[in-house]
Structure formats: structure tokens, C-alpha cells
Amino acid sequence: MTMDNNTVQNAPKSSGPKFDWSVVSRHGGVFALIAILLFNVLITPNFLHPQTLFVNISQVATIAIVAVGMTLVIATGGIDLSVGAIMALSGALAPLIFTSPFAEANPELGLALSIIVPIIVALACGVFNGALVSLLNVQPIVATLIFFISGRGIALVLTNGNLQTFTNPAFSYLGTGKILGFPFQGYLVVIIAICVWWVMSYTVFGRQLLAVGGNERAAELSGVPVKRVKIGAYVICAGLSGLAGLIVVAINSASDAARIGNLMELDAIAAAVVGGTLLQGGKAPIFGAILGAVIIQLVKYTLLANGVADEVALIAKAGIIVLAVYVQQARKE
Amino acid sequence: MLDTTAFDLRRYIQGNNHSLGVWITLIALIVFGVMRYDNFGGSYNISSFLNYNAMFIVIAVGMCFVIMTGGIDLSVGSVAAFTSVVAAYLSPYGIQVALPGAVAAGLAIGGLNAFFVVAMRIPPFIATLATMLGAKGGALVISGAQTISIDWTSNFTKLGLEKAFGILPWTIVITAIVVVGLWVLLEKTSLGRTVLAIGGGEDASVMMGLNVTRAKVLVYVLSGGCAGMAGLFLASGFGAGQPLEGVGWELSAIASVVVGGTLLTGGMGSISATVAGALLLGLVFNILNFENGRGVISLSAYWQMVIRGAFLFAVIVFQSRVASTAKKGTI
Amino acid sequence: MQHLIEMSGIKKSFAGVVALQNANLHIAPGEVHAIIGQNGAGKSTLIKILTGVYRRDAGEVTINGTPSTVSTPREAQDAGIATIYQELSLVPLRSVTENVMMGYEPRTRFGTIDWKAAHKRTREILERFGIDIDVKAQLGSYSTAIQQLVAIARAVSLNAQLVIMDEATSSLDDQEIEILFSVVRELKKEGVAVLYISHFLDELYQICDRVTIMRDGQTVGQRVISETTKLGLISEMLGRDPEEIEAAGMTGLGGGEKAEPGSSLFEAENISTARGLKDVSLTLRKGEIVGLGGLLGSGRTETARALFGLDGLKSGKIDAHGSSGQIGTPAEAIAAGVGFLTEDRKREGIVPHMSVRENMTLALLPKLKTMGMVDRKRETELVERFIKSLGIKTSGMEQPIRELSGGNQQKVLLARWLALEPEVLILDEPTRGVDVGAKFEIQSIIREYVDKGLGVLLISSEFEELVEGADRIVVLRDGFSITELENPGVTEEALIAAIAHHHEEAAA
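Protein chains in written order, with the working numbering: chain A, 1 to 333; chain B, 1001 to 1331; chain C, 2001 to 2508.
This is chain A alone, in the form it adopts within the complex (with noise of 0.2 Å):
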């Protein structure tokens, strides 16, 4: 969290004699990931392997993509519960589309609209729920628990319920290629996420942004453009989760509509929490909520690698969110 902008502080905290919890809260997702290395460095074996690398720099990609979405959404005071879904959606369009007939006959153009076809209809989806949240004033949680639900269905009905595997390096080189031996999306997360940092440090969108989600009825009073500025955000978050649908069927070279980011939404909350993004709204930490997310992905894989259940990692997961949130908050008082 040394590169977010948004905590310059010039002013001398007021700190009590007793026990400073700003200390832990603030670098708390820092503390979490030594004490995870640490962990696995002595318990799991072969954790120090360059392979152990590849393998969570591949699998952290998605959900680092969608949590950077995530925290601009958060920073509305919003919320999209709807990711996973709409990762579903792109994910199971993609093959739909390089595998049709026409595809088949133009092999580089179908591989163009099967990359851009999805994500144009993820960020539409963007639209339909910022839309709602901001021209109807529908609760954030609502308005995207619609496509949490129906956006899966809708994967579903296209995929008739199949599992559709392919073989298409070119499409797979999303999610299986490699650059100086590294994981292509590996480059993609970093890139994604200067980039997003950069808008919201120096342009008048991250900034109308923060402002709308530090206090929306100020902002438009001073003539902030709330409801575009709302649409935005919940557009990007869409099309960086219909980026992350594509990666994850690039990576299993298949695609099953009812698995692909199936409780994304709770990875990219945790992660953009533990990364220090306030619930209220109104803060951006954007390199924190990639931090989030290679803590969350290196719990999943300690718990994998140590021979836990499934089900178990769920519950440890469910125990991060409320400990970071709880941490969260603790600060706020």
C-alpha cells in the first residue's frame, strides 16, 4: 500500500499511549503476507519452487483483475455482486464464437470478435447495473443481484448447460502464454493496474470518483456528473470481469458456464477489503486491493497445498472477509 494515493498524510495523527491499531490496519495486508510466506516457506513443500510461482501468478490474475474493478465500485460506496456472473457470460461466448461456422472461415477476424464481443457485452452489462443504481436508485446489492443470478442463466441457456472445450492456442495463449517465462496474464494484471491507479490519481474521472463516494450529494452540487461517474465504475468493473471470463476459459482451454468465476464476487470483495478499499465508499487503493488478492489466492493455495477440503477453504474464506472488515472497522473508531 506504499504506492496509494490517496493516504499522503502530511498531518500528525492524534495517537493514543494505548495499543495503535492504524498501525496493523494499515499494513495489515503486508503483515498477512509475510506471515503466509512464512508459513508456507516452512510447512508446504516445494513452495520455493519457480513452478509455485507460475502457478499463483496465473491463478492470482483474474481475481486480481476483477478486484481492481471491484475497488473502484467499492469507492462509489457500491457494491457488484454480479463479476462471477458476467465472467460466466464471456467466458461461455467466447468459444461460441471461435468455434462457429464463421470463425471456422476467418480464423483471425473470429478471434478478434471473440475476445471483443464478450467483453463489449460485459460492459453493457456495466451499464445495465450502473444504470439501475444511479437513474433508478436501486441499492447497489439489489440492482446487481440481478445479473448474479440471471447473467449465469442467461451463460447457461446460450451453452445449453455444456461444457465446451477447444482447442485454439491462439485463444489459449490468454490464460497459457508466456513472457520471459512468465504468465502472460501475469503482465496483463500489472498493466491493468497502473493503468487504473493512474486514472485515479491524475485524472478528473478518478477524482469526480472519489468525490461521489466520499460524499455523492456534494459532489453534485459542485457539478460532478454523479451518474455518469457511477455508470463508469460499474462498467469497468464488468469489463475487467469479462476480461477475467476469458483468462479462466483461455486457462482450462474449456468453458463451463456454471463454474467460471462461481463466487468471484467474494474473492474480489475480500481481496479489494483486505487491500483497505472502505465500504463507505470514497478511497481507491488500488495496488492494495492487488496485495488483497495475492493473500486471498495464497491462502486457497496453502489450504490446497496442505491437503484441506474444498469446503474447508471456504470457511477459511468466509473467516478473512469478516477478520479484514473487522479490522476495517476497528479502525474507524
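The reader is advised that the hints may include incorrect statements.
Said to hold, decoys possible - Listed next, the in silico DSSO-like pairs over lysine-lysine satisfying Cα-Cα at most 27 Å (straight line):
(1) C:Lys2278 / C:Lys2367
(2) C:Lys2314 / C:Lys2393
(3) A:Lys227 / C:Lys2367
(4) C:Lys2189 / A:Lys227
(5) C:Lys2314 / C:Lys2278
(6) C:Lys2188 / C:Lys2120
(7) C:Lys2120 / B:Lys1188
(8) C:Lys2136 / C:Lys2116
(9) C:Lys2388 / C:Lys2317
(10) C:Lys2346 / C:Lys2388
(11) C:Lys2286 / C:Lys2367
(12) C:Lys2388 / C:Lys2369
(13) C:Lys2317 / C:Lys2286
(14) B:Lys1188 / C:Lys2116
(15) C:Lys2286 / C:Lys2452
(16) A:Lys227 / C:Lys2116
(17) C:Lys2120 / C:Lys2011
(18) A:Lys227 / C:Lys2314
(19) C:Lys2317 / C:Lys2278
(20) C:Lys2136 / B:Lys1188
(21) C:Lys2346 / C:Lys2317
Said to hold, decoys possible - Listed next, with one range per pair, are the computed distances between beta-carbon atoms:
(22) A:Val127 / B:Ala1301: 26 to 32 Å
(23) C:Thr2112 / A:Asn137: 32 to 38 Å
(24) B:Arg1294 / A:Asn137: 56 to 62 Å
(25) C:Glu2381 / A:Ala124: 40 to 46 Å
(26) A:Thr99 / B:Met1035: 16 to 22 Å
(27) A:Arg259 / B:Ala1028: 35 to 41 Å
(28) C:Asn2159 / A:Ala35: 53 to 59 Å
(29) A:Ile120 / C:Gly2372: 19 to 25 Å
(30) A:Ala35 / C:Glu2381: 44 to 50 Å
Said to hold, decoys possible - Here are a few chain B residues that sit away from chain C, every Cβ distance over 10 Å (derived from the structure):
(31) Tyr1037
(32) Asn1039
(33) Val1178
(34) Phe1290
By construction, these hints were calculated from the structure, which means they are not laboratory data.
Don't be surprised by glycine CBs; every beta carbon is placed ideally from N, CA and C.
For chain A, the structure is supplied; the task is to place chains B and C on it using the hints.
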């Protein structure tokens, strides 16, 4: 000049028109169904319809209490899945053990929600999202990710099959008792009014000296208990504990509550209208089934998810129009 | 005589910041007691300790001579202390009956609420105050004044020994205040003590017996009100000499030489909105302050909202000199050179997480935009300039605005609008809730800009501010603009007369 408005009929209707819509729609759909399909009004359809929807009704009224405080409970589906497994495991000991067991399991998870929200001050949707995960994990762990068949030799089966006093299945009778009990709690007790007051203004409620903590704990525990009851019905209806069920139930419950005119921001709400909302939602699928049966259209189970979402969307659009006529304006 | 309430040596700090260091309060049974002090003097904190909202760090509290064990608002109520807070502490979505009876509902034999009896009792209680309303209706459907009186009714119905009124009159008009005062006198007659907190000193002389004066978290004096002068109270409150205050004049708005009014900036003709404006016309010219006079609910804030594009017009038109088209949103108003400093600083003004810099340039962002980016260099220069010229006390432009005092926050918000170099600035209660020093400074800043050609539309509940500051005052009543008074020559009496006169006319 003091405003000395006396009783105003228009205001009265305005105050209640949220729930008026759901009743009218419900009756219209029933009339439509009876006229269009032969067996729609038959006792078999009515009884099986109510039997199947009992769990959704119970969950919806529990959810209604949470929403009235301005909170939300996303864990209900997972909790029901969890308690359905609990009920299945307890079924050999008979209904007298399985029922309290399942409800107690639900109450316990509800208590956990209450602890997170009230004591740890975690926002309700995060807290209940976490217990949603936890309960799901728990259900999978104790069941070994398998459906757990109930004991067909015990009296547990009577719940869904046998009719109370020879008229209605026990499931429906129990549901009715729960609904009436919660209606009395909301309308006739101080605690119930506190629930509404919290949603209308939590700080104000504290200042008025109301026991806000107790009421907030109550709603989450209650919602958990209702979900526990629903899990019991689930196990009895399907003859097995279903650890993988319950996905999207929170959505149906929220939709039912919203359709019933309860404000999502809390402070206003009605049990009867919530029940009507749940019935309406069930009826939509019932009618779709009949339509499938006529062979005109054919919708896969996946469509149900889409329709559920579309239905919620329609309701929200409707409610946002109602809400915009009420004041509580933004800015 | 034994005191009803005795608080002595009360100390309280929040996260290391001292709010109260040696506060005392003694209230006799059946007296009307006032607490006065500037914002931040610790009045609210002291009361919240008494009512169990906060816990004291040190000190003694006794009620009727026995040490108090009150630790929640509920326990305070049960001990006979009822409170009516500044922000209404009622639930507007629920019925009047529920709001009066909540927590103390009459029961039937079965332990359930006896609604019939509840409605009846509520009606009886309200009748004592001369209010006859449908008690089953939503409280929120009634005016603020009614809601306030319902809050008092609730307090009284709880058989309180002490009723605390925190700024109870701030949203009432004269007639409603009269009703409130008669209720207070009624309570007094029945032996109920009233603790009265108000910024309006005149009110205290009307109803209070004694007054406790607070400054910087300490009790600095306790006086019998009939034995003190207003000036004496003010000087004690501020900790300054009376002469000094007299010499400074009451407000900083006046004094500018009367320049010839410039060209017209802004004309509203017969505008009406869904929010209660019926027919308002006004003109604003370069370099003048136009005041909006009238009681609460007369349409002052509503006029401001309409002019700023927040409420759509039902009829009439607004001609803004700087805009080509209609003003339909705040963004369009800003583009047309109109700024709006709202009355609710906390809810509609500051973005608490953001720094002074970010708060100041929030409205200016579109003008600081180059290729979608914020021009940080220009931004920093501008913020520096305004911090200096408005005398904003901050440790630096990166300090979060929430850490600033109310007056300094208000200056940042004023700078937010001044930075836009607007032609028209609408100021809704620009000095409410800021301390006397900052108030004078803010008024001086406004005057300075007006002298340079800014047109200001001023809304103020303080007639003094209007009369001294405004070149013209448009008087509003029930959503109509009814007359216009022109300075020089306007006196407070004249303004009050104008408002009252038309009220009588309306009643006739």
C-alpha cells in the same frame, strides 16, 4: 400556520399502495390461471404448490424482518442447504427431534450473523456473505458433498405427506403458524415496532431509548431460524438433505419482500404482503410449468434463473417509481 | 434547595482531543435553564453525557441528590430526563402514534400493543399542545414544526422531570416558537425543569430563569438571566471585553460603499417548482447582495435550489446572463457562472476523506482538465493562493478537510466557489454554525468579492445579517415573492413588519 390535516383518504391509499399492487397482481394471475388451465384450481395443484413454496414463504418473512431494519441476509439459501442436511441426519429420530434440530442450527447461524453485525459492526451484506460461504462449506463438509437421504421409516415423512386434520399438509400448517406468529410479533409487540423504527432511523431509535441491539439480534436470529425451517421443508420435500441447494434463494426472498412493498432501505414493511409476494413469485413459475405442459413453449431450468432476475428487475423498476412519488428524495 | 441535576468537574475527551475539561451544570427543579456557548464549547457533549449517550471520563453527576448510574438514553428516560435533539430524533416513516408511544406502548391483556388506546393517548397528549392531527398518518407527512412538537409531546408523555431542548427552535417560525414557548411555560408550571440550548439570545430572555455559560469545554459562569445584559453574556461567551465587541460592529457584511448597481446578471421571472415555489421573481445585478427574507418554509432555500438547477421549473423562466440555454442541473448552473454554498456543510459540502486541496477544486475540475487529466501545477497554485487570501487555518493543503474546524471548512467551501470566478454566488446560511470570529471573516470576504463585482444572493435566518448586508431584500412568503425592500433604509423592524404584514394579509 399549523398543519391540521384530518383523515385524508388519498394519503391512506398512498400509504398502503405499495402492498395493494401485489394483491391485485396475485388475484389477477390466479384468475388467469384458473381460466386458462384445467387443473390449475384443483386441490392437487393448490396443495403441491403451497407445499413446494412453503420454504420460500418462510424464508421471505424472515428476510422481511431483516430488511425492515435496513439490513440484508444473503446467507439464507446456504443456511437452508445446511439445515436440510442436519434434518436428514436427524430424521431417524423422528420429526420431534429433526424439527427443533434444524431450526436450532438455523438459529445458531443467525446468531453468528447477529454477532458479526451487531457486536463486530460488520456491514450486513458482508457478514451474511461470509456466513453464506461458511454455511455452504459446512453443509458440504458434514454431508461429504453428497445428498443425504432421509429415513423413510420414521415419522419424519409425515411432514410432507400426511395431512393435518386430514385437510392440509403439515408443511403448510406449520408455515401458516410461523407467518401468523411473526405477524403478531411485528404488528402487536413493542419489539416488532422497534424493528421498523430502526429501519426508519437507527440513531433516532437509540435516542428514543429503544433497545436497538436486542431488535437487531432478533432479526438475524429470526431469519436464520426461518431458513432453518425452510431447510427442514427442503429435506422433507425432496426426501433428502441437499447440500448444494439454496443457490439464489436469497434473491427470491428479497424479490418477494420487495414485491410486497417493503422498502429496501427499511422502516416500512408488511408480513402479509411479503407472503403475497412469495406466492406471486411461485405462481409465475407454476404458470410457466402449466404453459410448458401445454407444449406451447419449453423452458429449461436455466431459464428459471433468467426469469427470476427479470422478475426482480421488473419489481425494482416498479418500486422505484412508487418510491419516487413518496418523498425521501435524494438531494 | 436540592438541585434536580448536579454535574460537576466533568471531563471528557475523544481520541485524545479534550472536549470537556471542567464542566459544571446545576439545574433546580422546575426552572428553565439555558446553556450558551460557541460551537465547540462543549454544550452538546455535556448534554450527551447527562443523557447517557457518552460516558464521562471524570466528574460527578447526581440526579435528585443520588449519584447517577445512567449509561444509555433509555436509562436517562427512565430517570426522568427526556431529550429533544437538534436533528430530529424521531422516525419519519412511522406513524405519529408510534413516534410518541415507541417503547412505552399500552398493552392489552395478552401483552400485545393496544393500538386503540395508543392512538387515543397520543391524541390526548397532542391536544394539550393544541395540535389536532391524524395520529395514524406517517410523521414524515407533517411539517418540521409539527414533528418538533411531537418530539416534545413524547418527552412530556414520559413524565419527565427534565426536558432538554437542543436548538429546538432552529427550524420553527415565529408562531410555532410561540406555541413552543407556551408549552415550556406550561411544563414549568407543572414543576418540570427545562434545559434550553439556543443560539438565539433573545429567546433566552423570554423564557429562561438562569443561564450557564460555557467556553472551551469549561463552565465559565452561571447567571440569573434577568440580572445580565446580552452584551455581558456575549462577552463571557467569547472571553472578550464588551467594549471590544461593541466597537467591532455586529457583522462584517455591511460597510462597503454603495456603488451604482451594475448590469443585470440573473433574472428569475414568475418561477414555480414542484417543491413549493409558487411565483417568485427576482433580479440580481453585478456587485450587489440581494437578500432573501422570510420565515422558514417561505421558499428561500427552494428559490436557491431552483436557480441552481436542482429543482425543475414548472413555469416561469430564469435568464442567466452567462448561459445560453436553460439551467437544468448543477453542472449547467456552474457552467453558467452560478455557485451555490449550501446550508448543510457536512452533508452537502465537504468530502471528508479528501484533502483541503481536493475539496477546494472539486467544482473547478472541468476547468482544470487538460486531456482528461487534472492540471496539478495550476491546482496547487490556486489552492495556495486561496488558503492565504482567505486565511484558512490548516497544516497544509493535503490535510483531510474533516480535521479542520467548522469555520475553516466553510472557508474552503467558499473558496471552492470563488475559485470558479462565478458571476453569481448563492449563499444559504453562509455563517451558520461557525464561531463569531470566523463569521466576521467570512462576511468580510463576501463583501470584498461583491465590491469587485460578484452578485450574491444571500439567505440568512439572522435578520441582522440581511439588513446590514443586503442591498435589496426580496421578501418571500408561502412560495411567493411579495415585496422588495431597498437599502439604505431597511431596518430589522421594517423587515419583520414586511413579513408579518403580509402574513396578516394572508390570514385575512
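Consistency of the hints with the structure:
no. : hint                             : in the structure
1   : C:Lys2278 / C:Lys2367            : violated, 35 Å
2   : C:Lys2314 / C:Lys2393            : violated, 43 Å
3   : A:Lys227 / C:Lys2367             : holds, 20 Å
4   : C:Lys2189 / A:Lys227             : violated, 55 Å
5   : C:Lys2314 / C:Lys2278            : holds, 9 Å
6   : C:Lys2188 / C:Lys2120            : holds, 25 Å
7   : C:Lys2120 / B:Lys1188            : holds, 16 Å
8   : C:Lys2136 / C:Lys2116            : holds, 11 Å
9   : C:Lys2388 / C:Lys2317            : violated, 39 Å
10  : C:Lys2346 / C:Lys2388            : holds, 23 Å
11  : C:Lys2286 / C:Lys2367            : holds, 23 Å
12  : C:Lys2388 / C:Lys2369            : holds, 24 Å
13  : C:Lys2317 / C:Lys2286            : holds, 20 Å
14  : B:Lys1188 / C:Lys2116            : holds, 12 Å
15  : C:Lys2286 / C:Lys2452            : holds, 9 Å
16  : A:Lys227 / C:Lys2116             : violated, 46 Å
17  : C:Lys2120 / C:Lys2011            : violated, 44 Å
18  : A:Lys227 / C:Lys2314             : holds, 24 Å
19  : C:Lys2317 / C:Lys2278            : holds, 13 Å
20  : C:Lys2136 / B:Lys1188            : holds, 15 Å
21  : C:Lys2346 / C:Lys2317            : violated, 31 Å
22  : A:Val127 / B:Ala1301: 26 to 32 Å : holds, 28 Å
23  : C:Thr2112 / A:Asn137: 32 to 38 Å : holds, 36 Å
24  : B:Arg1294 / A:Asn137: 56 to 62 Å : violated, 40 Å
25  : C:Glu2381 / A:Ala124: 40 to 46 Å : holds, 42 Å
26  : A:Thr99 / B:Met1035: 16 to 22 Å  : violated, 46 Å
27  : A:Arg259 / B:Ala1028: 35 to 41 Å : holds, 39 Å
28  : C:Asn2159 / A:Ala35: 53 to 59 Å  : holds, 58 Å
29  : A:Ile120 / C:Gly2372: 19 to 25 Å : holds, 22 Å
30  : A:Ala35 / C:Glu2381: 44 to 50 Å  : holds, 45 Å
31  : Tyr1037                          : holds, 41 Å
32  : Asn1039                          : holds, 41 Å
33  : Val1178                          : holds, 18 Å
34  : Phe1290                          : holds, 40 Å
The structure fails hints 1, 2, 4, 9, 16, 17, 21, 24 and 26 (numbered hints given earlier, in ascending order).
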